[in-house]
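On the provided structure of chain A, position chains B and C as indicated by the hints.
So the protein lines, in turn, are chains A, B and C.
Under this note's numbering, think of the first position of the first sequence as 1, with each following residue one higher.
Under this note's numbering, think of the first position of the second sequence as 294, with each following residue one higher.
Under this note's numbering, think of the first position of the third sequence as 634, with each following residue one higher.
Since the hints were made in silico from the structure, they are not lab data.
Just so you know, not all the hints are guaranteed correct.
Okay, derived cross-link-like pairs now, DSS-like style, lysine-lysine, Cα gap no bigger than 25 Å in a straight line [stated by the list, open to error]:
#, chain 1, residue 1, chain 2, residue 2
1, C, K740, C, K761
2, B, K468, C, K761
3, C, K820, B, K468
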Amino acid sequence: MDTPSQLLQLLFTGLTLGSIYALIGLALVTTFNITGILNLAQGEFVTIGALLAISLYATGLPLAAAFIIAVLLVAALGGVLERCAIQTARQASALTLIIITLGLSIFLRGLALLVWGTETYSLPAFSEGGPLFIGGAAITPQSFWIFGLTALTLAGLYAFFELTYWGKAVKAAVLNRTAARLMGINPNRLSLLAFLASGALGAAAGIFIAPVTMTTYDMGFMLGVKGFVAAVIGGLNNIGGAVLGGILLGILESFSAGLISSGLKDAFAIIILIGVLLVRPQGIIGSLKERKI
Amino acid sequence: MAFINKNHFWPGIILFLLIIPLITNSNYLLSILIIIGLYTIIVQGLGILMGYAGQISFGHAAFFGLGAYTVAILTTRFHSPTVLALLGAALLPGVIAALIGRPTLKLQELYLALATLGFGLLVHIGFTEGMELTGGPSGIAGIPYLSVGSFVFDSDIKFFYLVAGILILLSAGIKGLIESRVGRALRAIRESEHAAETAGIDTAALKLQAFIFSALLAGLAGGLYAYYITFISPSPFSFHASVQFVLMAVVGGLGTFVGPLLGAAMVVALGEFLRWAIPVVIPNAGGEYQIIFFGLILVVLMIFQPEGLGALGKRLKPATQKLPGEGYSTKIEAEKEGGL
Amino acid sequence: MLLKIEGLTKIFGGITAAKDICCQVNEGNIFALIGPNGAGKTTIFNLITGMLKPDGGTIAIDGKELIGLKPYQIAAAGITRTFQNLQLFGDMTVLENVITGAYLKGKTGFIKSMLPLPGKSREDLRIKEEARALLKDIGLEKAAGIPAATLPFGQQRLLEIARAMASGPRLLLLDEPAAGLNSMETKELAGYLMQLRSQGLTMLLIEHDVETVMEVADRIMVLNFGCAICEGTPAEIQRDPAVIKAYLGEDGNVA
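Next up, chain A with everything else stripped away, as it sits in the complex (with noise of 0.2 Å):
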């Protein structure tokens, strides 16, 4: 049954998967180093990304500039829900925090059941052509530009991190807040941005993926907890660890569908979560990481 060239197409299927959870689990770290507040409202951002692009580019609009206008679109809710709900309850404990961002999350699944109801909706593919065939299992090309989003992001990141003089400052400025307010910068500011780049990210992951998925008002949910899964199997401050985590999470939950039961694959991620937060907290791959120092 289990012929080599099934198991690599399951391989590919899990890299798939694995990319778009590495991509919401970097917005999530990114967004949670920033500001300390672990954001439940992040799925919501991939699902309303996706929907928007979806219905912008079913009024006529090229596909490029409904990807644009919906990232855009949902970079600005971002902003504004930092603004409105994150700002203003600035001084809170983290419990408030995490139930503002958990009001934010069910708020925004009802809004989008509202625009877009239970339907099931989907984007053509970017580029046109077959699946490419490699040992015997396809990849389609849909694929090749989630990993490319992904290797995109991933590179920006470390880019902006490590080599400008602004993303040092921001790593800086998680470390200490005092020190940053001596450099100047602004943390509220950069909590705002951090919530602008989390919304961008999460639209374009929603997007990338909207041709290969069954788009729904309530896929973000899901969606949100496998980039936690991602985000804490690398131990929610690495940025590395996540895609990692992410590619993990999509390999294994890929093999597990395919060779056990599909009905439970959400219940390995979940397994997944459970366990590392019980036996290593500070992430599976956090912790290599230190020990090699």
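Positioned in the frame of chain A, the structure of chains B and C alone reads:
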């Protein structure tokens, strides 16, 4: 309203609630009150966890569900005595809470939040997929009524008084708890974990006890729910239900005594109202649109009235409780410095 | 000798916050740690109270090793502290703060607290009386019922000491108790500390106000960059050339 003695206000309300079954024959009203009572049991525990220990659970619907399924499975599959099954319904979630809480409660709040979120989803999947044991999506029917000796709780009125009795006992116990050394220690943890430790408070153990206690209560409520409805399926135990429990705790007011009852009543009433109102305003729309309102209420409340609506009249806390700059990130910094 | 510290070392990512610290504190003494900001004084407090884990060395109270114990276990061993940046339970009343400080004197647990048992209220009453007595010592008995956060700053500092005293400690660690106090309040504080010492309490004191330190301390240790540069009586410290150079400045003179 000077003629109402402040000390008699809540006892008066409770007395009024207690005679409702005698003056109405609306089964709808009675069943709503029973459900509010069951939710209040859950929110009382959640209130201790959130309002006193300063922790949060996004998975209490799972404990609620585990209680209900324990009763359903023990009584229908193993024909266990109903009181024994109810005991199991409380104990199982307690044991699981101990396993989840022990490692995660030593860390920042968000770790327990994430672990319980995941746990809640996992348990819900378990209910849906565990065909042989849980009956899958169609659930388990034919749960017997709760019976103590030869007395069977087979009517709404009997069940109403059962729940009311449990709530009164529980409230007395919780009042004792929050006014005791343990209650003060829990508040101390919420205010300054460092200072609490220095006072000799084993903060990790106490938070764990609060979490286990809240899970036990959710399980108990779940067991009672199964005996009341006599049929269960996975849907009342979803993540959405966990969110509603958090909402109830927050709406009623964290760290207040009457908050849980108030919160459960308001959220259930709002839910019933929206279920009626939404299809009127938006044709073809179902009750699921209520999550917009629930989400919005949660956000607005946490920003502008984090003490809950129960504290609107009498501000329990002084306005000057935090020094400027004592925001979330300084807290995290402090944890980084003092922590691992 | 009550407290014995040997070879205590703590390194934060390459920066040595405490290096090979040794000291002995006798019962009933006030032992002061002085030194410029960043000299590692608060780090030593955090190490003694178990909030930080040392990279080397031992700390013992009455011969009982403390390293590896959790902060609450160290509190149970008779060591408690105050904080440089106040850590009062701001939402609680003044009295409740002190009562919570006496946590170790109670026995009621989670389950017992919910049951109507008679022993409970007797325990509560006894602790409440003791707490009131402590408030009286610092002159806050009238403020017992107001939220701690609403007290003036100076009284918050005193309250934190009273809360620490409520546990009946053998060793009290005071982290800059006079910071932010005016000279009047500082005098009151010094008087209170002398009163506590006369009751036989042992104290470790971090303080910038040199005048107060010289007045109340039995022995002083001077720290600089995590190292102890000298230790002795106030008179010895004032004469030590290394201290004068490192801490008091070249031409420093101590009042």
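Is the Cα-Cα distance between K740/C and K761/C 25 Å or less? holds, 14 Å
Hinted pair, alpha-carbon criterion (25 Å max): K820/C, K468/B. Please report holds or violated. violated, 43 Å
Pairwise hint evaluation, K761/C against K468/B, where the allowed Cα distance is 25 Å at most: holds, 18 Å
Violated hints amount to a single one, hint 3; each of the other numbered hints is respected by the structure.
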